[in-house]
Structure formats: structure tokens, C-alpha cells
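J.: Sequence:
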Amino acid sequence: RNYVKYASKNYQEKIKIMSSHKMYRGHDRNKRHEVAQESQQLRRDVENLENALMLHYRYQSETENSVRGMIRNEIAGSRWEHGGEGKLTTYRSNKDLIQQDAGHLRAGQGKKIR
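Numbering (the working numbering), first residue to last: 14 to 127.
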């Protein structure tokens, strides 16, 4: 009788363990499926971002290499200096400002405008 009681108790524990393993395996399958879907979504997102980056680089190089782009870069980087009366005294181009940052020009130098 004790053997039967022990066997049934042992059997019940095995059933609990096996059912928990089945649930875990089922949960594991669901988790794997979710991770696979997430991975596919991330791959699509990365691909879309790479395409957008390539379009951006292409557009940027087209605008930088065009005459309009060169003028825009020159004007955007230039600095117009005004005197005390508000009259325009000096114009420093983008190249002048870059050289000044590198230490090649001293303050007050630039192209004089008449």
C-alpha cells in the first residue's frame, strides 16, 4: 500500500513536471516565433533606412556638385562685416573663414569691398 501511495505521488510529480515542460516548450515556440517576426521587421526597417540614407547621399552630392549648391555653400559659410555706421566694410568668404580657423589668417584680414 505504501508503495502504491509513493508510486502515485511520484507519478503525479512526473505529470506536473512533464506538463510544465510542455507548457515551457509551447511558450518557447511562441517566443521563438515572436523573436523571428521581430527580427524580420528589424531587417525591413534597416533596409528602409539604408535606402533612405543612399537617397540622401545621392541628393546631397547632386546639390553640392551643382553650381547652385556651390553658391549656396559659399554664401552660407561667408560672413559679411559691417562698420560702426552700418556700412559694409569686409567680406570673408567660406575659404577665408576655414583658413582663419586653421590659424592662417589674422583678425581683420579679408577681402576689401569698395
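Think of the hints as simulated: they come from the structure by calculation, not from any bench.
Hints should not be assumed to be uniformly reliable.
Said to hold, decoys possible - Computed beta-carbon distance windows for the label pairs:
hint : residue 1 : residue 2 : range
1    : E77       : Q50       : 34 to 44 Å
2    : N61       : G82       : 22 to 32 Å
3    : V48       : V80       : 27 to 37 Å
4    : E75       : E51       : 35 to 45 Å
5    : V80       : Q50       : 47 to 57 Å
6    : R42       : N78       : 49 to 59 Å
7    : E75       : L55       : 27 to 37 Å
8    : N43       : G82       : 48 to 58 Å
9    : I84       : N43       : 56 to 66 Å
10   : L68       : E47       : 28 to 38 Å
Note that beta-carbon positions come from the ideal geometry of N, C-alpha and C, so glycine has one too.
J.: Does the hinted range 22 to 32 Å hold for N61 and G82 at CB?
T.: At 27 Å between Cβs, range holds.
J.: Do the beta carbons of E75 and L55 sit within 27 to 37 Å of each other?
T.: holds (30 Å)
J.: Are I84 and N43 spaced within 56 to 66 Å by their CB atoms?
T.: holds (60 Å)
J.: Quick one: are N43 and G82 within 48 to 58 Å, going by C-beta?
T.: holds (53 Å)
J.: Go ahead and decide if the range 35 to 45 Å is satisfied by the Cβ distance of E75 to E51.
T.: holds (36 Å)
J.: Taking 28 to 38 Å as the stated bounds, is the beta-carbon spacing between L68 and E47 within them?
T.: Distance hint for L68, E47 holds at roughly 32 Å.
J.: For the pair R42 and N78, does the Cβ-Cβ distance stay inside 49 to 59 Å?
T.: Holds, since R42 and N78 (Cβ atoms, about 54 Å apart) stay within the stated range.
J.: Is it true that the C-beta distance of E77 to Q50 lies inside 34 to 44 Å, as the hint says?
T.: With Cβ atoms ~41 Å apart, the hint holds.
J.: Measuring from beta carbon to beta carbon, are V80 and Q50 in 47 to 57 Å?
T.: holds (49 Å)
J.: Between the beta carbons of V48 and V80, is the distance compatible with 27 to 37 Å?
T.: At 52 Å between Cβs, range violated.
Violated hint for the displayed structure: number 3, the only one.
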